[in-house]
Structures are given as C-alpha cells and as structure tokens.
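Q: Given next are the chains, with one letter for each unit.
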Amino acid sequence: MAGGQEKVLKRRVKSIQSTKKITRAMELIAATRVVKAQQRALAARPYAEQITEVIQHLSAAGAGKEHPLLRQADSVDKVAFVVITSDRGLAGAYNTSVIRAAERDLQGAQSEGADYSLVLIGKKAAGYFNFRNYRIDAQFTGMSDTPAFEHAKEVAGVITEAFLEGDVDQVRLVYTRFLSVASQRVVVRRFMPLQAVPSQESDGPSADYEFEPAPGEIFDRLLPRYVEARLLAAMLDAAASEHAARQRAMKSATDNAEELETKLSRAMNRARQDSITSEIMEIVGGAEAMSHS
Amino acid sequence: MTLQVELVSPEEVLYSGEADMVIARTTDGEIAFMTGHAPFIGSLGVGAVTIRTSEGDDVRAAVHEGFVEVTDNRVTILSDIAELVGDIDATRARRALEELDRERDVDDAEAETALRRARLRVELADE
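Listed in order, the protein sequences are those of chains S and P. Going by our numbering, the first sequence opens with residue 1, and the numbers climb by one from there. Going by our numbering, the second sequence opens with residue 1001, and the numbers climb by one from there.
Heads up, some of the hints might be wrong.
Stated by the list, open to error - Ranges of calculated distance between the beta carbons of each label pair, as one might list FRET restraints:
hint, chain 1, residue 1, chain 2, residue 2, range
1, P, A1032, S, G89, 31 to 41 Å
2, P, T1002, S, Q39, 27 to 37 Å
3, S, A214, P, D1072, 17 to 27 Å
4, P, R1102, S, S15, 51 to 61 Å
5, S, I22, P, A1032, 28 to 38 Å
6, S, R135, P, D1072, 26 to 36 Å
7, P, I1081, S, E217, 18 to 28 Å
8, S, A43, P, D1057, 34 to 44 Å
9, S, V158, P, E1098, 30 to 40 Å
No lab work stands behind these hints, which were simulated from the structure alone. Remember, it's a predicted structure, so these values are computed and weren't measured experimentally. Just so you know, even glycine gets a beta-carbon here, dropped at the ideal spot from N, CA and C.
Kindly generate the complete structure, drawing on both the sequences and the hints.
A: Given below as structure tokens:
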C-alpha cells in the first residue's frame, strides 16, 4: 500500500539527515585541524633551516666528510621504507595512495634484487601490510595525528640504528606532501644516506669559525638532530595532508547526503500525495455509488 | 649595535629579539657572546641560557643540550628541549627532581642527565 512506502522513505530521509549532521561536524573539525597542522609545520621550519645552515658551515670547515650517515653503499642490498599514514580512516584516498606508492616502490626495489624492511607509522599502513603478510620491522601508532618532536625522535632512532649497523643500505620515506589545502601529493624520497650537504666554497668567512668542541665532534652530535628535524617535517606535512584529505572526503559526503535527502524527500512527498489522491478517489467513488442507488 | 638572538626548538621559535649579551654553557664551559664576537659554532650541555635584552631585562631559559651558532651579530640557539623560565611548572619540576633523587642510580648516564635536567629546571624556576 502507498502509505507504507511513505513510511519507509521517511525513515531513510531521517537516517540520511543524521548522517549528514555527523559528516558536516567532521568536516568542520578537520578544517580547523588543517589550519593548526599547517601552523605547526610552519613553526617547525626555522629549526630545520638553521640546523641545515650550521651543517653547511661545519662541512665548509671540513668536518664530517666521512660520517657514517653519509656513507653510500656500493650496492643497495636492502632498502627500508618509512611509510607515513594515519590511524583513522574516513579520509578519502589519503591512506590508499600512500600505501600504493610504497608498495609499488617496494616491488620495484625487489625486482632489482634488493630486500626490503618496513617501518610503518599509522594504523592504516600496519593493517594493510600485515594483511598481505609483508614483513614489518617496526610500527608506530598514535603519533600521525599530531606528531611531536619526541615521536620523530623515536622513529628516527630506529631507522638510524638500522642504517648505522649496515642492516639497510638505503632508507626511503613515503608520505604525503602538503602543497595547499586543495592539493597534496604523495612523494617517495631518499632519506638516507643523507645527501652530502653542498658546501659553499664561496662562503669566505665560514673558514674563520671558532669551534667548541672540535668540528667533527659537533658534527657527530648535530647529524642525528638533523635527521630528526627532517623526519618531523615530513610527519607534520603528512598530518596536515591527512586533515585536508579528511575535510575534503567529509565535504563530499555531506554534499552527497544533501543530494540524496532532496531526492528522497521528493519521492516521499509524491508517495504521500499519491496515497491521498487514491483515498479521495475511493471516497468520491463510494459516494457516487451511494447516490445512484 | 645589538645581537639578533633566536632560541629555536624543533617545534617552535621560543624567543626572537635583540639583546646585548647572551650567556650559554657549552660542553666545555660557560661562554658569553656580545656584539662583534667572532664566528662561533658550539655544542651546548645541560645549562641555563641567559639573554640580556637591550632593555636590560634577563630572559632565562633551561636548555637541555643543543647547539649555538654565532655569525655577524646573530646568535642562534638550537635545542631539542628548551623551556623559557616562565613556562616551567615549578611544582612539577620539584616533584620530578625528588622522584629522581629517590631512585638515584649513579651508574646510569641517562638517569644522571635526567637528574641534571631536573635540577636545572628547579633552580631556574626558583629564581
């Protein structure tokens, strides 16, 4: 009967409305978090810039040419992948694009005869690679949403140790670069060995630096910090991208819900009108039959 | 002429401004910078950094290891963990120190550093 259909439609409209409320709220939350994450990424930049500058001055003075973190292996037998994903879903294609890029690169390395090692940040990457029986060497959760320096330090410690022990010959970083709120791009970057920092020969006064303690010693202490700062920058970029992706996903979900809502309430109104019309027809028909008798 | 001073942690710039003098503690000992100081790069230990601003005020910060670079009257202090005195929670710092003192382990270098950090925090917070 027509009245039954109306009831069914009404229930669906209600459920869509409440879903819409949730997605709209998530969209707004994500929007504010993008801004915050961007600010954090911006605030972290001076440290990374300054530390790079100090390293340049140190290497201009001839320090650390032979540092183990700069060591290029003759042949790359094992590549470590650091994959930065989120803990939570509902962020559109954010996680799948990172994971797919990582897997493709990993298979590329394998086809060149290199072994792999996986260091995963975020539940999503862990879930994916676990399910497909990849060997996971380290996984970190609970840090990709709002990464702090301690988190970067923790992860950097694991990678640096593996690299220094010669367990891996190269470390690649797979994460999402935040270009703007509207555009983020997945990148695969070589992270270790560190590219030899270009020493500026033309930079005259750098030779006159006083050092305390010796340049080599400062360099040894500085380089791990540099690694941490760069990793933190990547994690902050990824966090901003995650929130931006979630905002976009939730916005389209809200838009979808809105569209469905109009469509369904239209159908519902028509169903109600139909049932009223047929009821009138029945009454009129009944009355007509009575008057004729 | 004044010094341009920046105190930077990995997550933010803690202090940025002009100063007449900066006192820090490198791994080899205390050192003070004034305008015209020769270019310098040093590695910092656990210690207080004092920035004497052009107005004559002292800005103090607890710096737990880091680096300092001086060029062209610019002093940059980079530190993993640095706190301005105003940001230190005195009661929390004191409690942490007491705790560390109690379970003191002299052989452990890490515990020793933690203890030094806690002491520095309390010392600065008390001023």
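Q: Hint by hint, say whether it matches the structure.
A: A quick look at each hint next to the structure:
1. P/A1032 <-> S/G89: 31 to 41 Å: Given about 54 Å between the Cβ atoms, the range is violated.
2. P/T1002 <-> S/Q39: 27 to 37 Å: Check passed, 29 Å falls within 27 to 37 Å.
3. S/A214 <-> P/D1072: 17 to 27 Å: Once the Cβ atoms are compared, 23 Å apart, the range 17 to 27 Å for P/D1072 and S/A214 holds.
4. P/R1102 <-> S/S15: 51 to 61 Å: 58 Å, holds
5. S/I22 <-> P/A1032: 28 to 38 Å: 59 Å, violated
6. S/R135 <-> P/D1072: 26 to 36 Å: For P/D1072 against S/R135, whose Cβ atoms are near 51 Å apart, the range 26 to 36 Å is violated.
7. P/I1081 <-> S/E217: 18 to 28 Å: 20 Å, holds
8. S/A43 <-> P/D1057: 34 to 44 Å: 24 Å Cβ-Cβ, so the 34 to 44 Å window is violated.
9. S/V158 <-> P/E1098: 30 to 40 Å: 33 Å, holds
Hints 1, 5, 6 and 8 from the earlier list are contradicted by this structure; the remaining hints agree with it.
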